[in-house]
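Taken in order, these protein sequences are the chains called G and W. Start counting the first sequence at 697; every next residue gets the next number (the numbering used here). Start counting the second sequence at 697; every next residue gets the next number (the numbering used here).
A few of these clues could be false.
With a cut-off of at most 30 Å between alpha-carbon atoms, the simulated DSS-like pairs for lysine-lysine come out as follows [claimed, not checked]:
#, chain 1, residue 1, chain 2, residue 2
1, G, K743, W, K860
2, W, K825, W, K862
3, G, K1104, G, K860
4, W, K738, G, K738
None of these hints come from the bench; they were simulated from the model.
2 protein chains.
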Amino acid sequence: MQLQTTDTIVALATAHGSSAIAVIRLSGPNAITVVESFFYNKALAPKKISHKHSHTAHFGIIIHQNVIIDEVVVTLFKGPNSYTGQNSVEVSCHGSIFIQQQLLQLFLSNGARMANPGEFTLRAFLNGKLDLSQAEAVADLIASNSALSHQVAMQHMRGGFSSKIKTLRTNLISFASLIELELDFSEEDVEFANRHDLKNLVTTITNVIQKLIASFEVGNVIKNGIPVAIVGKPNAGKSTLLNVLLDDDRAIVSEIPGTTRDTIEDEITIDGVLFRFIDTAGLRTTTDIVEQIGINKALEAIKKSAIVIYLFDSHEISSGDLKLEIELLREHIGTSQLVIVANKIDVENLQDLKTEFSSHPDIIYISAKEHKYIDALKQKLVNLFDTRTVDATDTIITNARHTNSLKKANTALLKVSEGLAANIVGDLLAIDIRYALNELGNITGDVTNEDLLDSIFTKFCIGK
Amino acid sequence: MQLQTTDTIVALATAHGSSAIAVIRLSGPNAITVVESFFYNKALAPKKISHKHSHTAHFGIIIHQNVIIDEVVVTLFKGPNSYTGQNSVEVSCHGSIFIQQQLLQLFLSNGARMANPGEFTLRAFLNGKLDLSQAEAVADLIASNSALSHQVAMQHMRGGFSSKIKTLRTNLISFASLIELELDFSEEDVEFANRHDLKNLVTTITNVIQKLIASFEVGNVIKNGIPVAIVGKPNAGKSTLLNVLLDDDRAIVSEIPGTTRDTIEDEITIDGVLFRFIDTAGLRTTTDIVEQIGINKALEAIKKSAIVIYLFDSHEISSGDLKLEIELLREHIGTSQLVIVANKIDVENLQDLKTEFSSHPDIIYISAKEHKYIDALKQKLVNLFDTRTVDATDTIITNARHTNSLKKANTALLKVSEGLAANIVGDLLAIDIRYALNELGNITGDVTNEDLLDSIFTKFCIGK
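With the hints as constraints, model all of the structure from the sequences given.
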């Protein structure tokens, strides 16, 4: 972990691979001069750019030892008006992998060093351009793959969450100061901090904190997708259903090979909500569902899913059997939502089917093979999520670290409440208040340490 | 093929994938206004940029229907001082795939259309910023993966080749004009074009053209790598040798699955020269090499290689057997260079081996497993190439299309020479001169047509 910002770092900022253009980014005191020393104009005379204004772009040629490496556009961002807060340069070159390597090598050999993952953002944090939770949101923003995860990350990056935490913290700090002032006058038994006001404040703050903690359940789902297990017998049409869902969204599908050999997780965004479908091994027999669920993979998939789709072949199962299977399944799905889907319907006989399965009015009838009523299923999935009352304009926690700190702050503040009720002395209150302040400060980086920064920024990609 | 430049095109210009930043590029009359209409400042007020200077970068926020899509840096390049020669904008956004898609979608729905492959460069050509062979060199530059291919592409992009062709063409044009003037006065039997001078000029030009045509053999190798077939028995250590070579250059290795199942081609750059190794199926028996070479894969690999490495286990073969094998092999390698490599040597007994195989003084002795003397082999490969007297500062043709046009021009000019020797009339000379001029003009795009442009630019990546 490099907490100093006095050297100059360089990294490829765009995605790896051959492309029209690539951008190499430098930041640090020598960022401009490192590039300038190899920068030439069309007439092959040195082109000076140090004195140029910030936020200007300059066409020129990078030459090293009489070899032209590339024709590039160099854009200057002078500190403090840059992302990192210090002098930065972006070199936009032709997207040849060879050229990218040559340029990186050139800058590395002449005054810059390779940036660590997230080091540009770390410098932005160290220079006060972003607080810690905003910096973390930058990584979330880059990883965002649905409208909701994008919006939540954007809100965090723009400081929505930070300002909320900072407000809580500021209010608490003033009380903490007053209580600590009492300690200085402890002989005299004075009370600078109004206990009634403090009690109200702590209640207000814990309410906000608890709401934030609760939002993590939703936030986590937004960030990582809503896990949906599809269970059903092998011939129920699971694969067909999955393919139909994927075909409709092929552009934003990513295929993640599962940890177990037969499990593939596929992500699909429906109406801006990311669903992560977990395809399970089929359940083998008709009635003995419990035994079949015993198949570990299916059980695990059900365990980690928020929604379980039970898919059955509408020709192959009676209403009584279905009732039995659903009952047995319910014992295993815990708090997950169950969606029962009848597949392979004939549109002509749909009314007959509905009559047959009238004891399950919530069944969704589809024909995966013929792409019939798939939208109804999608809508159902989206609605299940909507019932959790997500509002992207609310502050939603998506970060386990933040949740952890909020929980610790909450525990400490509950102790303060108890202490106030028991009328304990100020110095004991002060300890818990300080602890809560510390945890809140951890979130925004007002209180921090190298290990914490290390664990946060190593998760970034290089170049950011 | 869109030869008009009056609409506005947009494309992702950086490599696909998640990254620190991505760049979306627009070009066309509305490039700036399309972006400006969604561009806001930090206070969320519209940020006007149309009136700003060219080559300036502007931080701001892209907002669509009250949703913040991203915080971006927008760089303006106003025509004619841009790559395409028309107004262009680069939007540098966070490298989230979701954000890239959202921004592209936004611009596509609001006045821009998706750029075709190479369309930015096509516009640069149509607007006279580059000639055709320079435009083609842009694609070669991006694809370049060795110091030599990079340098040749750079020289072409910077117009080294074009200016040579243009000079030839200009000289010919003045003669063509004089000869065509004669045709206007054909009744009067005048000669405006000095036949002696014309003959000299044609000789000079064909000499240059023939040198350029000859350079394609080397140019093709520079661009596509020098094909090296490694042949030998299965236990000769071929795979080990290949791995050793690859390990040393892991960073610039790319693995191309061959057309046949058992053939893998691996590219390695040694001393700036790209080698393309073709791993062949092993030769199965010791003495019956001809029969074994009959294995089609090995034969094909040998046929398309410029260098054949014959690798043998120094413990498994006698000097007499080796002589026999080499003789038989030579019958099949045509003009390819043969490199004989003895593997699995003991460094202690190296002198004994050299004595044993003294009838083959050019053998290179290595131990692939122990990484011994691999550099000697590499040096040998590089030297074999160097003997072809490549000078990257010479103009080297790497493009089959250019070679084809040069050959046609050469044929036409040889007819002119013959015509001059036979003292034929000017109008027949004029036809061949015009034909040669046309072919030379094809190279630089002075003479062109839609089909030609189509075939050239569809090979580009989108965004360039």
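Checked hints:
1. The hinted pair formed by K743 (chain G) and K860 (chain W) meets the criterion: a straight-line CA distance of about 28 Å does not exceed 30 Å.
2. Between K825 (chain W) and K862 (chain W), the direct Cα distance comes to roughly 16 Å. Compliance with the 30 Å bound is thereby established for this hinted pair.
3. Distance restraint check for K1104 (chain G) and K860 (chain G): the Cα-Cα separation of roughly 17 Å lies within the 30 Å cut-off, and the hinted pair is therefore satisfied.
4. Between K738 (chain W) and K738 (chain G), the direct Cα distance comes to roughly 37 Å. Violation of the 30 Å bound is thereby established for this hinted pair.
Comparing the model with each earlier hint shows a violation of hint 4 alone; every other hint is respected.
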